[in-house]
Every structure is written in structure tokens, then in C-alpha cells.
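Quick note on this note's numbering: the sequence shown kicks off at 2 and runs consecutively.
Please keep in mind that the hints were generated in silico from the structure rather than gathered at the bench. Careful: at least some of the hints might be erroneous.
[Stated by the list, open to error] Straight-line distance between alpha carbons at most 20 Å, and here's what the computed SDA-like set of lysine to any residue pairs gives:
(1) K19 - S63
(2) K50 - V83
(3) K37 - T7
(4) K50 - Y87
(5) K50 - T89
(6) K19 - A99
(7) K50 - T7
(8) K37 - A99
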Amino acid sequence: MFQLDTVSPGDADVVVAKDGTGHFCTVGEALNAAAKRSNGGRRTVVYVKAGVYGENVEVWTSNLVLVGDGIGRTVITGSRSVRQGYTTFSSATFAVNADGFVACGVTFRNTAGAGAEQAVALRASGDRLAFYRCSFEGHQDTLYAHTLRHFYRDTSGRVRWGGYHVITDPSEASEFTAGDLVNAGSWLGSTGVPFTPGL
2 MFQLDTVSPG
12 DADVVVAKDG
22 TGHFCTVGEA
32 LNAAAKRSNG
42 GRRTVVYVKA
52 GVYGENVEVW
62 TSNLVLVGDG
72 IGRTVITGSR
82 SVRQGYTTFS
92 SATFAVNADG
102 FVACGVTFRN
112 TAGAGAEQAV
122 ALRASGDRLA
132 FYRCSFEGHQ
142 DTLYAHTLRH
152 FYRDTSGRVR
162 WGGYHVITDP
172 SEASEFTAGD
182 LVNAGSWLGS
192 TGVPFTPGL
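Build the full structure now, drawing on both the sequences and the hints.
Encoded structure:
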């Protein structure tokens, strides 16, 4: 099983560091290189050392793992917004367009701010995506969970939604567990993200 909690730069296939001590200085360059790698069916691990990376990134490679030095320490930031002429979909600072993506210890940020309209920090457009110990920062439409199955654990931020309500009935709540809602038992264990399938 993949051990997400113990990944270090020495374990990674590709390392990103703003100071030049890695293979690449930008996340985008590293992901382009990772797309060309053949890892014999195992996950490709990209480690992003602490720093603020001002870039818009799209992931097109399946089974990719992005590991940072922690929330607020490894930050990927952009400022695209609908007000600037982007769509909500294309405003994402970080967009995942592939299956089996895992992120740990990264802050995804969109700094467009109030008045910029929709400005996505993370768009998740793939199946079997997992985000562990990550944060999503922005003003409006910060997290765009676009399609299929995703799992978020120990992430920061709170969604304020008018339809939110507390479920107190265990039979009703069981429909929204990782096991039932995203069929976690069939895929999440291989990501290294801890989870409980039921209540």
C-alpha cells in the first residue's frame, strides 16, 4: 500500500523547488515531465517543496500524486476570474482533468477577491480523486467539484450553503459515508489517505 504520510523529496519521482534544488522550479514544468514518465503502473509522485508558486496548472496525467510541505507552506496560487473574461470552469488555479489524482499538504489559492465574481482555486474533473491535509482558498466558487468521485479529508475551509443541514438519523447519514457515497472501499485504500468507510 502507498504510504502518503511518509513521502519525502527523496521518495519522489520529480521534485519542484523554487530555489533550484529540485528537478524543476515550477509545478507546471514538473507535471509536464511526469506525463512523459512510465512508472510500470505505479503512481508518479511529484514533491513540491515549500514556496509560493504563482501559476495556473492543469493535470492531464492519471495516477499522479502531488505532495507538498504542508498547508500554507506549499502554495499554488493564481487570480483568474469570470470578471477577467474566464469562465468558472477555466478560472481554476489548479485543475485536475485525470483519474486517480491524490494531493497532500498543499494550499490551492485564487486571489481574485471580492467583485471578481467566480474565481476557482481547485477544479476537480476526474474520478477517484483524493485531497488530504490540503486547503482551498478563494472568495467565490473556491472548490469546483466538477465530476465523479472525490474524497476530502483534513482539509481547511468551510462551505456556507443554504441547503446545509445536520443529519441525525443514522440510516439517512449512512448514505453519505465514504463507503456508500464514493464507493471508497474499491479505490481509496490505494491512495494512502486514511478513511472510515461507514459511520
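Could you work out which earlier hints the structure fails to respect and list their numbers in ascending sequence? 1, 2, 3, 4, 5 and 6
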